[in-house]
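Undergrad: Keeping their order, the protein sequence lines are chains W and X. Mapped onto this note's numbering, the consecutive letters of the first sequence carry residue numbers 1 to 152. Mapped onto this note's numbering, the consecutive letters of the second sequence carry residue numbers 1001 to 1750.
Simulated from the structure, these hints should not be mistaken for lab results. You may find that some hints are simply not true.
[Stated by the list, open to error] Just a few of them, taken from the derived set where beta-carbon distance is under 10 Å, the chain W residues facing chain X:
#1 Ile-4
#2 Gly-7
#3 Phe-100
#4 Cys-133
#5 Ile-141
Glycine is no exception: its CB is placed at the ideal position from the N, C-alpha and C atoms.
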Amino acid sequence: MNIIVNGISHQLSSDQHETILSTYLREELKLTGSKIGCGVGVCGSCTVLVEGRALRSCKLKLKDLDGKSILTIEGIHGSEGGIHPIQQAFIDVGAIQCGFCTPGMVLSAYALLLSNPHPMREEIRQAIKGNLCRCTGYQQIVDAIELAASRM
Amino acid sequence: MKPATAFRNDALAKVTGRAKYTDDLELPGQLHATVVHSPHARAEIISIDVSLALQAPGIVAVFTAKDVPGKIRFGQIIQDYPVLTDKQINSTGDVIALIVGSTREAALAARNLVKLEVKELHPLLDPEEAIREGAPLVHDWHGSNICNTHHIRSGDPDLGERESTHILEAEFITQRIEHAYLEPEAALCNLRPDGVMEVYGSMQHPFSTRRFVANTLGLPLADVEVKTIPMGGGFGGKDDTAALVCARAALCAYLLNRPVKLIYSREMSFRESYKRHPYKITYRLGLDDDGLIRFVKVRILADGGAYCSVTPWVTWRSTVQCCGCYQVPHVHCDTYGVYTNNVFSGAMRGFGSPQVNFAIEQLIEMAGEKLGLDEISIRRKNMLHQGSTTITGQVLDTHIVSLKQVMDRVLDQINYSEKRKQCSFGKGEGELYGIGFAISYRGMSLGAEGVDLNSAILNVQPDGSVLLETGIHENGQGSESAMILIAAEELGLPRESIRYRLPSTSNIPDGGTTVASRGTIMGGGAVVNAAGILKKLITEALLKHHPQYSVLPSDTTLVFADKLISTADRSIQVSWLEAIRLCFANQIYPYAFGVFQAPNVSWDEETGQGNAYFTWVYGCQAVELKVEPRSGKITLTNLVAAHDVGKAINPELVKGQFYGGMAMASGYALLEDCRVDKGMVVPSNFHNYHLARATDLPEMTAIIIENPDPNSPSKAKGIGEPTNELMAPAIANALYHATGKRCFKLPLKA
Chain W
1 MNIIVNGISH QLSSDQHETI LSTYLREELK LTGSKIGCGV GVCGSCTVLV
51 EGRALRSCKL KLKDLDGKSI LTIEGIHGSE GGIHPIQQAF IDVGAIQCGF
101 CTPGMVLSAY ALLLSNPHPM REEIRQAIKG NLCRCTGYQQ IVDAIELAAS
151 RM
Chain X
1001 MKPATAFRND ALAKVTGRAK YTDDLELPGQ LHATVVHSPH ARAEIISIDV
1051 SLALQAPGIV AVFTAKDVPG KIRFGQIIQD YPVLTDKQIN STGDVIALIV
1101 GSTREAALAA RNLVKLEVKE LHPLLDPEEA IREGAPLVHD WHGSNICNTH
1151 HIRSGDPDLG ERESTHILEA EFITQRIEHA YLEPEAALCN LRPDGVMEVY
1201 GSMQHPFSTR RFVANTLGLP LADVEVKTIP MGGGFGGKDD TAALVCARAA
1251 LCAYLLNRPV KLIYSREMSF RESYKRHPYK ITYRLGLDDD GLIRFVKVRI
1301 LADGGAYCSV TPWVTWRSTV QCCGCYQVPH VHCDTYGVYT NNVFSGAMRG
1351 FGSPQVNFAI EQLIEMAGEK LGLDEISIRR KNMLHQGSTT ITGQVLDTHI
1401 VSLKQVMDRV LDQINYSEKR KQCSFGKGEG ELYGIGFAIS YRGMSLGAEG
1451 VDLNSAILNV QPDGSVLLET GIHENGQGSE SAMILIAAEE LGLPRESIRY
1501 RLPSTSNIPD GGTTVASRGT IMGGGAVVNA AGILKKLITE ALLKHHPQYS
1551 VLPSDTTLVF ADKLISTADR SIQVSWLEAI RLCFANQIYP YAFGVFQAPN
1601 VSWDEETGQG NAYFTWVYGC QAVELKVEPR SGKITLTNLV AAHDVGKAIN
1651 PELVKGQFYG GMAMASGYAL LEDCRVDKGM VVPSNFHNYH LARATDLPEM
1701 TAIIIENPDP NSPSKAKGIG EPTNELMAPA IANALYHATG KRCFKLPLKA
């Protein structure tokens, strides 16, 4: 069994089958950008992309991810290196406060813009519905995703 | 599209996932601790048997109260809060044992193996029952279940009664809510070889955390160093509980001489952490025929739960602001903070104002209606204005009183008067429509409830770069960025020249807690004052040692701008770097320590009179909503806020405070309810405690009003809490205009 994380393939041993993806990412691969806010798949802080879909890594077991491609916040970058336009837009409009939800938000936005490059604000709200933010009231996050879409 | 103007020094680290929060850190040889909570709300401990737990695989140690080398109990006001419970259990959030394992999983798995034998006692769960004569005491040594009281005795309420032709009486009930910071409590502690206990943790008060840790370990403050790192939100909630979580990790690290990490699950956080106080507020208010309020009598009952925390301070603000932003000649207020066996209550963004505003901002509209006055006229007649005297006898003449300005601005922006005519009042077919608003004034910073000062260090390096540190903590609000911008402006440097240094309690003096919307006003004031000292020092060095400047009079004032230091007419100028080099070459450190001491405040506990706060802020928020009559479903469609911030240091981040405050308060109004059952917190995680999601909220408009405040060296005031104290009454008023029904209880139901 293997999984591909940010383009790198990792072999998995049989005793890792039951391991939760977020635990594997944070503790084995030291990719700590995926945060644990609830542990039950309802806050979105641990969001990663699995084959381009935004999913909660705290709800996934490695055995269900054989051969799958995972993208975490550490694997996001711009077309010529540097940060991705979504990340730049988050910085520019002030969409970041405590930052704990930010990686998950960026990844949900990334998945949205893959399938819908020019979403309406209501569609953006739907796409980040699974990501809780207690600081921002989401207003500037929606602004950021809209701005990123216009720049991409 | 918005211009790109936001500034955050930590934005890149956070948006790339590189920012390291407590659980992202690792120390060599670290162990993992977890907590065992009490299953009872009130009980006497007979025995705690940890022998089975100790035998479990991967378990290194199990600690109970008897292992605490220092004091078991601590607290910011009353020392009643145990790091580990020894004799009497007072709440289901009490921790009876700490389990330390080689892995987190091992520690968690052993939690059920700690055997607790108790004598169960009848828990006190209702504050009214708790203050009844003869009720058993939550804390025998306190002698009463009344934790604290506050009073206001101004004017003559009996005369007020006689002067009144219209009387209103109403009772308001507000619920307990959870802070719901997205990062649960966390700590990583390490006893350094030099004997200093080093603490990394998710908390918003490093100095309070240091006191909790030192108290638990029996160490002097100098032997505990709390270093602050990114933390996932606080909202007032990462003070006492967060500090005790750090103290528990430190206890394990101290006893084992190994680094120990203690990370709370969301379930543990819900169970143990303090909440916003539930209030019962009973008003009697009288007006004359002109619509002027003559008197207010109010009784405020706050459920403080099992431990004091900051209940006396929270209820003090409620007392000072119990009549909202209105002039009332005769006031009689009695406020009680009450001990019960419920989960305890403490600081939360708003700090006693969301509760009283929910009441008074409805009551003022009810009064208007009774007199045939609309909600704008009744407020205009009674609101505070320039030179008014507050109910505590404070004259508002040291800053611009912008209450009318903020209200008019919001009403204009949302087109209130036109839209008000479209309100349904429960009539018509299908969806109901309502619009509503609320206004407030708010005392800035701690006021007479605490000693209020802060400091800043500016330490210029030989290459001209600047290290900045203040006694203010970065909770996510952007305080470091604001401090950098203030320093940059004062010194005439680009912000890139200024590095906010990783703050440490061993370097900067205790500046109090980063609460009370005091970060920008207090820390910013200290930065301005430090910059003033630094500029004076550099000016003196130039006048003494620089050939061109030394011919100038010794009282010459130089201008610091654009990386240059110049005479007023710009005829002589020197670069910042050249001036710094000159300082070092002449044995002068370009280093300054600046302090901002809040101006004098005063308070008389007997009469509740005095200058409660050194300055005030003013705000107004309005909301439009729809109600589906059959289901009662309430949908917010528009939110508008205007707040006077004095001066907006970092406008996009100021707006972020507006939006976040309105969102959180919308949840308070409609979604959130942290119920307790037999003392136990019922919600356990975000599947059964509902926070506002992106789809629950409409588009919002933030209007920044700037009236520079002469009491604040940076001219800025605070904004974190004012934004979070108005939406509940605004929504309640809009709901009334939609349905024709007044709601006296939170959360609101249509």
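Undergrad: All the hints need checking, so say for each whether the structure fits it.
TA: Each hint tested on the structure:
no., hint, in the structure
1, Ile-4, "violated (18 Å)"
2, Gly-7, "violated (16 Å)"
3, Phe-100, "holds (3 Å)"
4, Cys-133, "holds (7 Å)"
5, Ile-141, "holds (7 Å)"
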